[in-house]
Amino acid sequence: MKVQIDPERCQGHGRCYDLSPDLFTEDDEGYGRVAGDGLVPEGGERAARVAASNCPEKAIVLVEEA
Amino acid sequence: MTVDDRFVRDFREGQEEPLGTRNEIITGPVSEWATDFSHLEPEWAADPYPIQDDLRGRCPIAHTERFGGGWLPTRYEDVAAIAYDTEHFSSRAIIMSNYRPPRDIAPVGAVPPISSDPPFHHDARKLLLPAFTKKEVAKREEAARAFCHSLIDGFEGAEIVDAARDYAQHIPMRVIADMLGFPPEDGPRFREFVEHALEGVNLPPEQRVANMGELFDYLLEQIRDHVAAPRDDLTTYLIDAELYGRKLDPSHVAGTMALLLIAGIDTTWSAIGASLWHLAKTPADRDRLVAEPELLPTAMEELLRAYAPVTMARLVKEDMHWRGVDMKADDWVLLSFPAANRDPAQFDRPGEVVIDREINRHAAFGLGIHRCVGSHLARMELRVALEVWLERVPVFGLADPSTVAWAPGQVRGPRTLPLRIG
Ligand code: HEM
Ligand code: HEM
Ligand code: SF4
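Sequence lines, in order, name chains A and B. Sequential numbering from 1 applies to the first sequence in full-length UniProt numbering. Sequential numbering from 1 applies to the second sequence in full-length UniProt numbering.
In case anyone wonders, no lab produced these hints; they're calculated from the structure. Incorrect hints may have been included.
Here are a few chain B residues that face chain A, going by a calculated C-beta distance under 7 Å [to be verified]:
#1 Pro130
#2 Thr133
#3 Lys134
#4 Arg371
#5 His376
With a Cα cut of at most 30 Å, we get these calculated BS3-like pairs of lysine-lysine [claimed, not checked]:
#6 Lys134(B) / Lys58(A)
#7 Lys135(B) / Lys58(A)
#8 Lys247(B) / Lys58(A)
#9 Lys2(A) / Lys134(B)
#10 Lys126(B) / Lys139(B)
#11 Lys317(B) / Lys58(A)
Backbone N, C-alpha and C fix where the C-beta goes; we use that ideal spot for every residue, glycine too.
My request is simple: use the sequences and hints to build the entire structure.
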């Protein structure tokens, strides 16, 4: 699984980096950033889903790998 | 270097009294909420949720003739659509009142960025963002925590304390005064300014103008003091900030400072107070948080959802048919994030406080481009205020529920909250 942030939608609420700091960080203006390459490590799927389902702007995209 | 003489003259001198339109002030009991709503009546202040739930079920975009005409959507979907639609809805006024500022005040507005529309909005907001990131506000946590402890030290020996007046209120006042570099002992004056701006909506216009004048007199005094002796704080930052290659207009500097004072105090005070009110009357939740402090960040989001303190407003730009109603240019829209947060289409068991709710896409800090700039600061203050309270006062309850009083208007929270702590 991979996580992505849609920069058009993200408004910097920060729920993603509050809830799942291993997967997300903030930039200098508080907008969300994917940490590293966005690849979710084994066991991190739940943290990815929690972040996505709490983002008020629905800006987080989960890409399931085939 | 040239002397900064922008603030030598009062920037209001020579400015015309802003035009704009005034309407007849209508107050008194509401006959029918679907056609005559008013968020300023005591019934709404005491408990707006049954009113909003009833409207969502039978008239999801309610109307009123008061305030010169306005609408009240109560579904999450409609509130979100309006927050995102800056093409049809303007932020040139965000407090629903009996005065509409003139159209040419857009896109800047009196208090950027909250009163601004695109494209100016983005630039005014960008100036503030770096000072309000999670990382930046974390630097204030230690001082905020020490201040909360000192407030509780002051309860020594008391059996009943007013948690709104003696605790919640002081925390955001101190934090924002520190950030702006104002004397901490000026706290009580800020309280007056905040009350005037947000609760004095139905006062006569002359009185409102006079009240606003006092706030700007105070800000100008602080600005001049900072021009003479610059320091490392937000006031100096705004005085030195540049937009489009020029320093900001004096009215932009003062307007933004006013916004930070007003937007930062009442709101956070309300959120801390409402959270303590809930815990005081719900011992099971209180005991669980005392036993499991790591649950607090999750519980806090649920309290923000259920008792969202802030409602905003917009003005309709042009006549239009919108989701089944005929909106006229300059009609108000009361943008109720609290009502959106209790929409059963969006949340399971919306009327219940579920302190371990894991999925909570609430809109207490707004949606879209005006997302609260202070949300990271507010969350830090709320968390620290509750942590310190629960650590120091693990057992407390409402002293007398009938004496709890809630602020009327667009920022709602307890203003009198007597709690038994002894
Ligand atoms: C629990 C406390 C708070 C709540 C619930 C809250 C809520 C909100 C909401 C709903 C908006 C959106 C306005 C709109 O859509 O028109 C907003 C905007 C804003 N808030 Fe807050 N707020 C809080 C605390 C603060 C604090 C502590 C500050 C700063 C010191 C602050 C500064 C601002 C600013 C500057 C804006 C305007 C943002 C823009 O227009 O781009 N707020 N707030
Ligand atoms: C440069 C800054 C400002 C100026 C020159 C200014 C001036 C005025 C004037 C002349 C009125 C008309 C009064 C009436 O007829 O009722 C007014 C209304 C009002 N002002 Fe201000 N004001 C400023 C900043 C603020 C701030 C910081 C706030 C609070 C966030 C605020 C909140 C209000 C409210 C709630 C009203 C009632 C009507 C409305 O919102 O449109 N103003 N202001
Ligand atoms: S929670 Fe959503 S809006 Fe907030 S920073 Fe993360 S991606 Fe952006």
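Do the hints match the structure? See the list:
1. At its closest, the beta carbon of Pro130(B) sits 6 Å from a beta carbon of chain A; the interface hint therefore holds under the 7 Å criterion.
2. Restraint check, Thr133(B) versus chain A: the minimum CB separation of about 4 Å is within 7 Å; hint holds.
3. Restraint check, Lys134(B) versus chain A: the minimum CB separation of about 6 Å is within 7 Å; hint holds.
4. At a threshold of 7 Å, the smallest CB-CB gap from Arg371(B) to chain A is about 4 Å, leaving the interface hint in force.
5. Because the beta carbon of His376(B) sits about 6 Å from the nearest beta carbon in chain A, less than 7 Å, this interface hint is met.
6. Of the supplied pair hints, the one linking Lys134(B) and Lys58(A) holds, its CA atoms being roughly 20 Å apart against a limit of 30 Å.
7. With a C-alpha separation of about 23 Å, the suggested pair Lys135(B) and Lys58(A) falls inside the 30 Å cut-off, and the hint holds.
8. Simply put, Lys247(B) and Lys58(A) have alpha-carbon atoms about 36 Å apart, too far for the 30 Å limit, and the pair is violated.
9. The hinted pair formed by Lys2(A) and Lys134(B) meets the criterion: a straight-line CA distance of about 25 Å does not exceed 30 Å.
10. Of the supplied pair hints, the one linking Lys126(B) and Lys139(B) holds, its CA atoms being roughly 20 Å apart against a limit of 30 Å.
11. A C-alpha spacing of about 27 Å is found between Lys317(B) and Lys58(A), which places the hinted pair at or below 30 Å, so the restraint holds.
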